[in-house]
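Protein sequence lines correspond, in order, to chains U and A.
As numbered in this note's numbering, residues 203 to 517 make up the first sequence, in order.
As numbered in this note's numbering, residues 1078 to 1336 make up the second sequence, in order.
Don't read these hints as lab results, they were simulated from the structure.
Treat the numbers as computed from the prediction; the structure is a model and nothing was measured.
A hint or two may mislead.
What the hints assert, rightly or not - Part of the chain U face toward chain A, derived, beta carbon under 8 angstroms:
| id | residue |
| --- | --- |
| 1 | L262 |
| 2 | V263 |
| 3 | R264 |
| 4 | V286 |
Unchecked claim - Taking lysine to any residue pairs in the SDA-like style, the calculated list, with each CA pair at most 25 angstroms apart, reads:
| id | chain 1 | residue 1 | chain 2 | residue 2 |
| --- | --- | --- | --- | --- |
| 5 | U | K345 | A | R1336 |
| 6 | U | K226 | U | D205 |
| 7 | U | K393 | U | F282 |
| 8 | U | K310 | A | L1183 |
| 9 | U | K320 | A | R1336 |
| 10 | U | K320 | A | E1090 |
What the hints assert, rightly or not - These stretches of chain A come out as covered by chain U in the derived footprint (C-beta under 8 angstroms, 3 or more residues):
| id | region |
| --- | --- |
| 11 | 1149-1163 |
| 12 | 1171-1184 |
| 13 | 1267-1273 |
| 14 | 1325-1336 |
For each residue, glycine too, the CB sits at the ideal point set by N, CA and C.
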Amino acid sequence: MADAIVKVEAIVKDFRPGLGIRAKRVLHGISFEVREGEIFGFVGPNGAGKTTTLKILMGLVRPTSGKASVLGCPVRESAFRRHVGFLPENPYFYDFLTAREILDFYAKLSGVRGAARKTRVSSLLEWVGLEGAADERLRGFSKGMLQRVGIAQALVHDPKVIFLDEPMSGLDPIGRVAIRDLILGLRAEGKTVFMNTHILSDVETTCDRVAIIAGGRIRYEGRTRAFLDGAERLSDVVLARLDAVCTARLEQRYEALVTGIGDRAELRVREKDVSAVLAEALRAGAEVISVTPYRVSLEETFLAAVASSGTGEAS
Amino acid sequence: MIDSCLRIATLAENTVRQAIRSRLLYTLLFFGLVMIATSVAVSSLSYVESERIVQDVGFAAIRIFGVGIAIFVGVGLIHDEIERRTLYTLLSKPVSRMEFIAGKYLGLLFTVWIQLAILSLAFVLVSLAVGAPVTASLFAALGLIGAELMVVVAIATFFSSFTTPMLASLMSVGIFVAGRLSRDILQLGQGSGDTGTAAAAEALYRVLPDLEAFDLTVQAVHGLPIADADVLLPLAYGIAYSAVLVMAAAWVFERRDLR
Chain U
203 MADAIVKVEA IVKDFRPGLG IRAKRVLHGI SFEVREGEIF GFVGPNGAGK TTTLKILMGL
263 VRPTSGKASV LGCPVRESAF RRHVGFLPEN PYFYDFLTAR EILDFYAKLS GVRGAARKTR
323 VSSLLEWVGL EGAADERLRG FSKGMLQRVG IAQALVHDPK VIFLDEPMSG LDPIGRVAIR
383 DLILGLRAEG KTVFMNTHIL SDVETTCDRV AIIAGGRIRY EGRTRAFLDG AERLSDVVLA
443 RLDAVCTARL EQRYEALVTG IGDRAELRVR EKDVSAVLAE ALRAGAEVIS VTPYRVSLEE
503 TFLAAVASSG TGEAS
Chain A
1078 MIDSCLRIAT LAENTVRQAI RSRLLYTLLF FGLVMIATSV AVSSLSYVES ERIVQDVGFA
1138 AIRIFGVGIA IFVGVGLIHD EIERRTLYTL LSKPVSRMEF IAGKYLGLLF TVWIQLAILS
1198 LAFVLVSLAV GAPVTASLFA ALGLIGAELM VVVAIATFFS SFTTPMLASL MSVGIFVAGR
1258 LSRDILQLGQ GSGDTGTAAA AEALYRVLPD LEAFDLTVQA VHGLPIADAD VLLPLAYGIA
1318 YSAVLVMAAA WVFERRDLR
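Can you make the complete structure from the sequences, with help from the hints?
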């Protein structure tokens, strides 16, 4: 097993809204690990506690209790940030600067010196596809272009770990594909990527492992594939000439989900019940058109996990 | 240490670029220049000492608009970084919050000093135009306004490290006014005849900035000699007071959750 690059142990966070005396608990002792070289998806509905967790990891917010470390360093120290890149949600940059100037500014702050800085900035602008707009002011950039500037600034000092907060949120399909490809490119370079997101299709296509957070609690942590496989397997059975009596019986006995037009019916049944459903349908004179394994999407599994927590809101 | 200084210098440079884009700064600067220019018209209403009136009004304009720029431009800078979330990317770099506050402070101070230089240049030109004396005392007095602004910028930075621009402005203006009156408060306390009141007045005087220490207007306008100590002691006091305030701002900001 690869080493843990990010370690979160029993983190609790309480906020006091306004001048309120009563604290609102948004994280209830969460723990998880991110391993070297993986893309880790931190997934949850809005208000689940994803951004608060990320802010704790970046030292922007202090945990009420618990420990968090990145590359073995406690997150309150600033030294480890030499090896960490961060893209906040909907990043805003000084829009009076050009793309080249803003990257140069962040590179200076990150300790990239001399000629190496100029080379690094130019190569990053090319890598994110902004070499043509490098000397234009950021105020004229689209959201997708700003997101690419955001990724470039996160990488300007060649960090080992990159934290991305909703990197594909609000982008058009072309922008999303571009950012997804950039993220996959980071994995190919051996970087570790921590990605906060609620866009499940992106998790499915990019993340090696996921942690599902809902209501400020971790509901699942493990491999994305295992998460999907852990869900109940279903199959779609398409039948013709299925009479109403038999349809009702199958619905009742096997909890089949029936849809259909005319004498053609489509039944979604548990995989273990497929043989019995087919036998009964054939006995009733139905004709089998097709049997297709139904792959439960991450979205459905996620919704089931969140539903089991009662609410998506941290409380 | 060198890395830290370079980061502070980078942040300060960026703060200057940010601050010089403020419309409020140019508005205040414009009115400062107008007030200096109109001092000639005001002095013409008097038959005596018209040059001194020009310089009195000029010093007042420089001080009022310098303080205005320091407070009203300064209080928004840290708040804007949080509101617009530019701070998140800054602090994700190996930048400590102390460095961030120091960079913001120095950038704002440099901006305020640029405005002071522009207003001072206009003041000297107007003084020369009306035949008022332009002496070393006048430059010493202008230099100490720069030191006073150093303290005022530190006050604005301190309040903006934990509250909104509106509250920070009110508090900074309040401390500025109290700082101009701190010697009077001390004298009133001592003259009250009550030990408790005198002790409280002295405690207040110790905590509040003694901004009158930076005011050499009378000596400069009347051509009175200014001793080295009259300049160096307030300067040292200003540096020490500002350093304490900036460190206090960093201490407060360090403990703040950036939600």
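Each hint, compared with the structure:
1. Because the smallest distance between the Cβ of U/L262 and any Cβ of chain A comes to about 4 angstroms, under 8 angstroms, the interface hint for this residue holds.
2. Hint status for U/V263: holds, given a least beta-carbon distance of 5 angstroms to chain A, under 8 angstroms.
3. Among the interface hints, the one on U/R264 holds; its C-beta lies about 6 angstroms from the nearest C-beta in chain A, closer than the 8 angstroms criterion.
4. A hinted interface residue such as U/V286 counts as satisfied when its beta carbon comes closer than 8 angstroms to some beta carbon of chain A; here the least separation is about 7 angstroms, so the hint holds.
5. With a C-alpha separation of about 23 angstroms, the suggested pair U/K345 and A/R1336 falls inside the 25 angstroms cut-off, and the hint holds.
6. At roughly 34 angstroms between alpha-carbon atoms, U/K226 and U/D205 are farther apart than 25 angstroms, so this suggested pair is violated.
7. Simply put, U/K393 and U/F282 have alpha-carbon atoms about 15 angstroms apart, close enough for the 25 angstroms limit, and the pair holds.
8. Proposed proximity of U/K310 and A/L1183 is supported: the alpha carbons are some 17 angstroms apart, at most 25 angstroms.
9. Straight-line distance between C-alpha atoms of U/K320 and A/R1336 comes to about 34 angstroms, which puts the hinted pair past the 25 angstroms bound.
10. Between U/K320 and A/E1090, the direct Cα distance comes to roughly 18 angstroms. Compliance with the 25 angstroms bound is thereby established for this hinted pair.
11. Here the region 1149-1163 of chain A counts 3 residues with a CB under 8 angstroms from a CB of chain U, which clears the bar of 3, and the coverage holds.
12. Residue count for the region 1171-1184 of chain A with a Cβ under 8 angstroms from a Cβ of chain U: 3. That meets the three needed, and the coverage hint holds.
13. Residues of the region 1267-1273 of chain A lying with their CB closer than 8 angstroms to a CB of chain U number 0, which falls below the three-residue condition for coverage.
14. With 4 residues having a beta carbon nearer than 8 angstroms to a beta carbon of chain U, the region 1325-1336 of chain A meets the requirement of three or more and the stated coverage holds.
Checked against the numbered hints listed earlier, the structure breaks hints 6, 9, 13; every other hint is satisfied.
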